[in-house]
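Participant: Chain by chain, the residues:
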Amino acid sequence: MDSTAARGKPRRSSAKRTAKKTQPGKPPTPGSRSEAPEMVQLLTPEGERVEHPDYAVDPTPEELRGLYRDMVLTRRFDAEATALQRQGELGLWPSLLGQEAAQIGSGRALHDDDYVFPTYREHGVAWCRGVDPTMLLGMFRGVNHGGWDPNSNNFHLYTIVIGSQALHATGYAMGVAKDGGGQAVIAYFGDGASSQGDVSEAFTFAAVYQSPVVFFCQNNQWAISEPTERQTRVPLYQRAAGFGFPGIRVDGNDVLAVLAVTRAAVERARAGEGPMLIEAFTYRMGAHTTSDDPTRYRPSDELEEWQAKDPILRLRRYLEREKLADAGFFAALDEESDRLARHVREAIRTMPDPDHMAMFEHVYADGHALVDEERSAYAEYLDSFADADTEEVR
Amino acid sequence: MDSTAARGKPRRSSAKRTAKKTQPGKPPTPGSRSEAPEMVQLLTPEGERVEHPDYAVDPTPEELRGLYRDMVLTRRFDAEATALQRQGELGLWPSLLGQEAAQIGSGRALHDDDYVFPTYREHGVAWCRGVDPTMLLGMFRGVNHGGWDPNSNNFHLYTIVIGSQALHATGYAMGVAKDGGGQAVIAYFGDGASSQGDVSEAFTFAAVYQSPVVFFCQNNQWAISEPTERQTRVPLYQRAAGFGFPGIRVDGNDVLAVLAVTRAAVERARAGEGPMLIEAFTYRMGAHTTSDDPTRYRPSDELEEWQAKDPILRLRRYLEREKLADAGFFAALDEESDRLARHVREAIRTMPDPDHMAMFEHVYADGHALVDEERSAYAEYLDSFADADTEEVR
Amino acid sequence: MATDTQGRVGGQQAGGPVKTAFAKALNTSLRTALENDPKVLVMGEDVGKLGGVFRITDGLQKDFGEERVIDTPLAESGIIGTAIGLALRGYRPVAEIQFDGFVFPAYDQIVTQLAKMHARALGKVKLPVVIRIPYGGGIGAVEHHSESPEAQFAPVAGLKIVSPSTPSDAYWMLQQAIECDDPVIFLEPKARYWDKGELDTSAIPAPLHRARVVRQGTDLTLAAYGPTVKTALSAAQAAEEEGRSLEVVDLRSISPLDFDTLQRSVEKTGRLVIVHEAPVFFGTGAEVAARITERCFYHLEAPVLRVGGFHAPYPPARLEEEYLPGLDRVLDSVDRALAY
Amino acid sequence: MATDTQGRVGGQQAGGPVKTAFAKALNTSLRTALENDPKVLVMGEDVGKLGGVFRITDGLQKDFGEERVIDTPLAESGIIGTAIGLALRGYRPVAEIQFDGFVFPAYDQIVTQLAKMHARALGKVKLPVVIRIPYGGGIGAVEHHSESPEAQFAPVAGLKIVSPSTPSDAYWMLQQAIECDDPVIFLEPKARYWDKGELDTSAIPAPLHRARVVRQGTDLTLAAYGPTVKTALSAAQAAEEEGRSLEVVDLRSISPLDFDTLQRSVEKTGRLVIVHEAPVFFGTGAEVAARITERCFYHLEAPVLRVGGFHAPYPPARLEEEYLPGLDRVLDSVDRALAY
Ligand SMILES: Cc1ncc(C[n+]2csc(CCOP(=O)(O)OP(=O)(O)O)c2C)c(N)n1
Ligand SMILES: Cc1ncc(C[n+]2csc(CCOP(=O)(O)OP(=O)(O)O)c2C)c(N)n1
Ligand SMILES: [Mg+2]
Ligand SMILES: [Mg+2]
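Protein chains in written order, with my numbering: chain A, 1 to 394; chain B, 1 to 394; chain C, 1 to 340; chain D, 1 to 340.
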């Protein structure tokens with residue numbers, strides 16, 4: 001089963017080591033003005049390493065290859081899921097195409113005991129957490145509403161109602177602090193979600209209680225058909241300062257910058273210094289979901305522009321230029337990708353439909369008389385057909 | 001009826017003249033950093049005029065006396081209402097004691113055709129709008145839920161559910177802009193309300209549509225028993241920048257500074273330059289409402305500290321020092337205050353209770369079969385007692 | 001706009017019925033309203049260039065501009081809260097909520113402000129806001145995209161709630177909702193968006209809150225609204241084949257409920273089964289059962305039976321056929337009612 | 001904590017019943033819960049130093065500290081949303097909503113997240129969150145301070161809803177709600193806060209969701225819960241003076257509803273009148289009427305009658321006596337039911 005995310009897991013310790021070697025960034029304090037450029041970037045679209053005064057990262061070749069592998073496999077998984085939707089195996093799929101660096105960079109900055117609250121598009125983060133990617137398909141196939149155990153990988157269920165999970169993450173982080181801290185919580189949400197009252201309330205609670213939560217906003221430029229300007233007139237990372245904690249914009253297509261900035265933010269959270277907002281400036285290269293038709297609302301040259309900034313391409317350029325990976329590595333990865341795709345295809349085809357009676361399960365933890373009544377009435381009703389069938393046979 | 005607010009109305013034209021004479025303030029643009037002190041002040045607690053680089057006001061002696069009169073009469077009205085509550089004439093009263101400058105200064109900055117969305121404590125703003133103060137008592141006596149015509153004085157009903165009206169104001173302002181602009185809308189709310197998602201959503205909508213709305217936050221340091229630190233770690237006016245519009249803090253106990261800053265903000269709104277947030281830094285000198293006992297949660301020396309900054313006292317000192325008002329003025333005002341108090345007392349004692357059937361009125365504008373059914377059933381039910389009485393008499 | 005209670009709109013080409021899809025009828029209705037009254041606004045998420053995720057607002061922004069067809073920030077409380085402000089300013093906003101499950105962030109603004117403000121002001125202000133919600137299940141969607149929230153709004157005075165079941169009603173009831181001076185929650189059965197039916201935009205529509213007997217019968221009354229009307233009609237058809245004559249009533253309006261029409265039917269048939277997708281517990285069926293039992297106590301030969309969703313979250317798509325009140329479950333209740 | 005379904009808590013002094021005010025019983029119950037389980041948290045607006053606007057949390061922050069008795073920012077969605085997060089972390093938050101009318105900003109978090117998350121996770125997470133809401137009218141308050149929102153939550157699967165009517169139930173039902181692994185909406189009849197009754201903290205309480213026959217009778221059953229139980233008892237008393245024997249059932253739990261107890265009573269009396277403060281339309285009475293009529297069709301000699309609020313916003317204080325279902329209106333319905 002080497003093609004699942006499980007192999008991604010051991011990275012935690014190496015991430016830790018790296019964190020010690022590199023200098024954790026000093027996020028700007030609210031109100032202060034950094035002389036640094038507005039967006040943190042450590043790897044240009046051309047695949048060149050650049051320096052940033054506040055954020056640094058010094059990954060080993062192995063780590064770099066690992067990040068590359070994570071992104072490639074995530075993209076492949078995502079493409080396979082899209083294909084499965086086209087083939088009718090899934091009802092819907094929200095592709096992460098283009099957001100691999102934002103998700104892998106942030107996902108790899110986390111420790112196992114940190115806790116993640118995703119939206120519905122964090123397949124790359126799920127991968128980093130070691131969630132079997134086929135688990136993500138269930139809700140889009142319509143066999144469940146999520147259903148993995150959030151506590152197995154400290155990866156909460158996908159949340160569809162925009163912004164709600166920002167509060168759950170904050171509450172969880174309040175609990176972490178009560179338990180003595182030392183862990184970070186990270187809440188993912190989109191540019192569109194930033195407009196929801198719940199997200200602002202989460203900022204308020206997190207700031208007031210100095211909760212160890214990192215708000216990770218993937219600004220992929222679009223909320224379905226609405227460009228980010230329908231949500232804000234100023235860069236989203238600036239929202240944080242007015243709530244009393246630092247915000248920063250990072251090149252969301254630069255996996256190294258995202259890694260560095262997220263590491264700094266989670267370190268800060270773990271150290272009890274309170275929340276932080278990261279705006280990962282990225283791009284949704286595909287449709288909102290398989291139901292969407294972006295040609296109705298966005299110009300095609302925009303896509304081309306962002307294709308030039310592709311997160312995977314730029315790391316590949318860097319790896320090749322610096323000779324950090326050879327042809328064998330890329331070939332093996334291609335094969336691994338194929339294996340992963342196969343694994344996913346097979347898993348979906350053998351995924352069982354839920355039992356008829358499953359809808360009555362887990363409505364309550366401690367039971368409820370009405371559910372019991374309706375369950376048995378329905379079972380009786382179903383039985384009546386069985387009887388009828390039998391009768392007919394007779 | 002000279003003791004009602006009606007007399008306050010003609011001030012509009014003079015306010016306009018003054019606005020032309022003085023230089024409208026230039027609010028800082030988002031992100032820019034003014035060299036000015038954090039809080040705009042034009043009149044010190046000792047009653048001395050001071051200058052501010054961005055905001056100026058040059059009121060005539062008559063205008064100054066007018067502002068003083070407004071504040072004194074508002075305070076007197078408020079005290080009378082508190083007394084009436086103690087006497088059982090009102091169920092509840094939320095006193096504005098200490099917030100007179102914030103309310104009169106902002107209220108007098110408005111034009112007649114501007115529109116106000118208050119909370120439940122804006123008795124001073126109501127006064128400036130020319131709303132008969134006795135109208136405010138109905139809801140606290142329990143005879144209605146407001147009931148004045150919002151469009152008579154462009155003063156919306158009091159809103160009790162915290163923060164909701166910020167969105168109504170923003171929507172109204174969106175409509176103003178659609179109609180061609182030239183009017184300003186102002187939404188009042190408290191420091192506590194700043195935490196409500198609705199207020200943040202109002203900021204978002206107002207910024208995105210550049211709506212002509214001024215958000216006027218009276219930070220009176222307390223939300224019932226919770227100090228402002230339970231809502232935010234940084235000054236509230238800073239919230240605005242992250243939403244893309246300017247915010248400013250003004251000494252809320254300085255009627256001149258509030259007037260100047262609000263004038264600048266509403267001018268800006270009328271000119272189509274979008275929203276602005278004003279944080280009036282003031283103090284709730286009384287209880288939250290007559291039901292509240294602040295000795296349970298706040299130190300008495302805090303009150304003393306703020307009494308030294310009393311908004312009325314400082315203007316009186318200034319008027320006296322500069323000889324802008326003589327003893328005759330103050331004596332006449334005392335008498336006018338007594339007349340106002342008498343007027344209010346009389347009005348409350350003659351305020352009719354609503355008709356039994358009133359609860360069925362105005363549930364819908366276009367009618368509703370169920371309301372009709374319940375109304376007649378209830379009328380019949382009431383009649384059955386009348387019959388019974390008659391029968392007994394027979 | 002609100003004076004003509006017949007809901008006729010000017011500027012219509014006279015003309016006979018035309019086969020029209022439900023979604024298209026709504027689109028035409030919005031277009032007509034935007035044409036006839038400059039105060040009508042359309043607002044919501046993705047209603048502009050995209051034309052809404054169901055294309056109900058397709059082409060409207062192109063023709064009426066961004067000032068009248070407004071893409072809003074992603075915040076439902078903000079959408080309804082600003083719609084209230086716009087209504088206070090004299091506009092007639094038609095707000096789209098993208099899916100049923102996303103109306104709840106706006107719940108406070110709807111039940112506490114929108115519903116009550118007219119009464120709070122003793123009638124001095126009016127709130128002609130329409131909230132369009134694609135609702136109900138059966139389209140194989142993910143969570144939050146198949147709910148039926150009517151019972152969560154119906155207890156709240158100040159709101160009107162309607163749900164059309166045909167393209168013609170979709171067109172006309174939306175016209176009438178927009179003309180109404182009260183807030184109207186307009187529930188669109190999304191599973192019916194692609195169904196076609198006759199639409200005559202020059203007809204005289206029935207009053208907005210009147211139920212309609214859509215099939216005559218003598219043995220039992222089946223009441224339904226929105227998406228379940230089709231189910232009820234199929235059930236009546238199937239029952240006919242077994243020699244049973246069912247009357248089908250399309251309630252059309254949930255607040256107010258047209259108990260008079262229902263009462264007349266039940267006095268004739270003596271039996272009532274009500275079908276809706278929303279959960280049975282505290283659902284529309286409960287109110288109908290309680291009131292019809294009170295009104296028709298001596299006519300009822302069986303208790304009013306209810307068929308609807310279970311007391312469980314709307315299930316994943318592969319279970320929705322089990323959860324939804326389909327033909328078999330309706331017929332089972334009909335059998336039970338007839339067995340009394 | 002949740003294993004002992006009897007709801008007995010350790011650390012109690014054994015002792016007989018003590019006359020206790022309703023509010024004090026709640027305060028004691030919270031104190032007991034905080035003492036017994038370090039995971040229990042109390043949170044809300046003004047619950048700290050002030051002890052809540054009704055003093056239900058009086059003295060708790062002083063004794064248990066700010067980490068366990070938490071003054072929150074003024075944001076109800078935030079309160080419930082963070083309570084969910086705290087529950088996911090293993091805490092058992094008891095959140096106070098200051099007044100009934102202020103729960104709606106949290107409606108989305110309650111119905112979409114809190115209620116559904118256990119099911120969404122196929123049982124992998126539990127959400128033991130209690131939402132305490134002082135509710136109902138009769139205290140002469142301003143708008144939004146007298147509402148009865150139970151029918152707006154009851155359709156939602158995943159929530160439990162209870163309402164005590166006596167100090168003893170206040171104490172015990174709150175203990176049980178906190179011990180329950182499901183979200184519980186705990187409706188406190190604020191008009192009863194100052195009523196006194198016997199409280200025995202060493203007694204064995206009845207199950208949380210069991211209705212209680214609080215007065216035996218033979219002619220008609222009166223069902224009530226929360227604030228109207230007292231009204232129902234007075235009505236039964238008054239009726240007795242006219243020679244009529246009314247049975248009074250305190251429902252105690254709204255979700256689930258204990259139809260079994262009610263059915264037994266109605267099978268005996270043949271008549272049912274239900275009384276609640278919430279509006280009749282789509283109210284608890286509708287569900288009770290529908291289901292009891294189905295269960296007791298051949299026993300009912302009259303339709304189930306409902307007495308409650310009108311389809312109108314809760315009126316200003318000077319009209320609340322007209323709006324609330326008082327003694328006379330209850331007796332009127334009793335007369336009507338008995339006249340069948
Ligand atoms: C409360 C709510 N309203 C509407 C929707 C429908 N919807 C799903 S995704 C989406 C856009 C979200 O945009 P963004 O937050 O930028 O995230 P992205 O999809 O770009 O990752 C919308 C409107 C929803 N899920 N929840
Ligand atoms: C949504 C909501 N929650 C709670 C309340 C109860 N409440 C009334 S006033 C108040 C405090 C408000 O504080 P702030 O906004 O600072 O205004 P102030 O009273 O200080 O003027 C609270 C909690 C309410 N009215 N609305
Ligand atoms: Mg986006
Ligand atoms: Mg305050």
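It is worth saying that the hints were derived from the structure and are not from the lab. All values reported here derive from a predicted model rather than from experimental measurement. Check before you lean on any hint, since a few could be wrong.
[Stated by the list, open to error] With the Cβ distance kept under 8 Å, some of the chain A side facing chain D (calculated, not the full set):
id, residue
1, HIS145
2, GLY147
3, LEU157
4, THR170
5, TYR172
6, ALA341
7, TYR364
Backbone N, C-alpha and C fix where the C-beta goes; we use that ideal spot for every residue, glycine too.
Participant: Okay, which hints does this one fail, numbers in order?
Facilitator: Number 6 only.
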